[in-house]
Amino acid sequence: MPQLLPFYFVNQLTFAFVVLMIMVYVFSKYILPMFTELFLTRMYITKL
Amino acid sequence: MLNNFIIASSPLEQFETVNFISFTAPILGDFVISLTNVGLYTLIVLALGLESSYATLHSMVKEQVGSSNEIYVPFIYSLFFFVVLANLVGNVPYSFAFTSSAIVAMGLSVMIFLGVTILGFMRHGIHFFSFFVPAGTPLALVPLLALIELISYFARAFSLGVRLFANIVAGHTLLKILSGFLYPALTSGILLFFVTLLPMAIFIALVGLEIAVSLIQAYVFTILTCSYLKDAIELH
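Top line first, the protein sequences correspond to chains W and C.
With my numbering, the residue at position 36 of the first sequence is 36, and numbering never jumps.
With my numbering, the residue at position 70 of the second sequence is 70, and numbering never jumps.
With the C-beta cut set under 8 Å, the calculated list includes, among others, these residues of chain W facing chain C:
(1) Gln-3
(2) Phe-9
(3) Leu-20
(4) Met-23
(5) Val-24
(6) Ser-28
(7) Leu-32
(8) Phe-35
Calculated from the structure, these hints are not laboratory results.
Where a beta carbon is used, it is the ideal one built from N, C-alpha and C, also for glycine.
Chain C with its partners taken away, still in its complex shape:
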C-alpha cells in the first residue's frame, strides 16, 4: 500500500509561480495576462499597505490641520502615495523617477502653494495678510518683518519642490557615478574583484539609504503640505 503514495517532494516547490487564471490571445504576438500567486500576494500587500497607511495619514492630517478639516484627507493621502510610489518605482534599476524632473516637483509645490493661498483668501479675505505680521511685533519693526515674512512665504513654493527634486537627483546621480566605477572594477580580474567587495557593500548600503530617502522625502513633502494648509486655515 505504501508504494501508492508519493513520499519525496522538493522543499523548493513552495517557491514556484502558480497560475490561477489567465487570458491568452494571439494578438500583438502572443498576448498573455495572468493572475499568479505572486500577483495575488502583491495585490494583498498593496491593499494592506493602503489600509494601514490610512490611519497614519488620517492622524497626520488631524494633528497638523485639525479635526474639523478632514476634508483634506483624500488629497493628502493621494499626494503622499503619488510621491512615495514615484520615488520607490524610480529606485528600481533601469526605471525612471519622475520626481527627479524639476518641473514635476516644482509644479506640485507651486500648485500646493497657489491652492493654499487661494484657500486662505477664501476663508479670511483681506484678513489673510495678518499672517505676515506675527503677534507681539513692535510697530516700528512691522514693515521690515512683514517683508521678510512675505519673502519666506513665497520661498515655500520653491523650497517644497526643490527639496524633493534635489534629494532624488542627488541620490540617483551618486548611485550612477558609483556604479560606473564599481562595474569595471568588479569585472577586471579576480584580485580587483575582492578589493572592490567593500566599496560594493557601501554601494548596497547607499541603495538602502536611497530607499529610506524616498520614503522620508514623501513624508516630509506631505507633512509640510499639511503645515501650510494649517497656516492658511488658522493664520498662526
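Here chain W stands alone, though its shape is the one from the complex:
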C-alpha cells in the first residue's frame, strides 16, 4: 500500500506540520484578530 512506505514518511510529515504551523501562525496573528474586531465592532454598533 503506497501510504505505508516508510521512505516517504519524513517528507509527508514535514510538509504537513510545516503547513499546519504556518496556518496556525497566520490565523492567530492576522486573520482571527481581524474577525474578533469585526464582530466586536458589529456588536458595539448594534447594541450600544
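Fit chain C to the known structure of chain W by using the hints.
Frame of chain W, contents of chain C only:
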C-alpha cells in the same frame, strides 16, 4: 439617432472572464499572473467562508472546551481548515488528498494526543491519573477499570487518525474502481452507453457523498479534538 446606439448584446457576455490587473514577464516561457473577475469572487467567497465559519468554530470551542479556554480557538480553527481543505482539494479529479496518507493523519492525531496529555499533566500534575478512575467506581473494580480506561485513552491517538485516513482512502478507492468500470462501458458503443447512464448517476451521487464525507470527517476530527482537550482540562 437610434442607429448610434448598440441595441443587441449577447446574454452570454456576463460569463466572460475579465482581466482586472495582470503581470506579464518573458521569463519561464510566458509568465502571466492576473487577477480576473473569477479570481476576485473566489477570494470574496474565501473571505466570507472564513468569516462565517469563525462563529461556528468559536461556539464549538466554547461549548466543548469551555468559555475560559478560548485560547485554543486559533489551533482548532487552523486544524479544521487544514483537514477540510485537504479533503476537498483531494476531491478534485487528478489531484491528491494528503489526508489519505496514513502518516499525515496518524501524525496529526498522535500530535494532538501528546499535546493534550502534556497539557493535562501541566495543569493537574499527578492528579491527571484520576481521569482513569471514573467517579463512583467500587474499590475492587478500580484496577481492572483503570487498565481498560488507560487502553481506551491510548487508543484515542490511533482512532482519531485512522478514522480520517480510512474514510478518505475508502472513498477515493471506491471512486477509482467505479470510474475504472464506467469509462470503458461508456465508450464501448451506443447501447452500452445508455445502459451505463444509471450506474453513472450513482457514481455522481457517490462523488457528492465523498464531498459530504470530506466535510463531515473534518468536523468530526475537530470536535473530537475539542472533546479530548476538555477531558484533559476538566478531567471528567
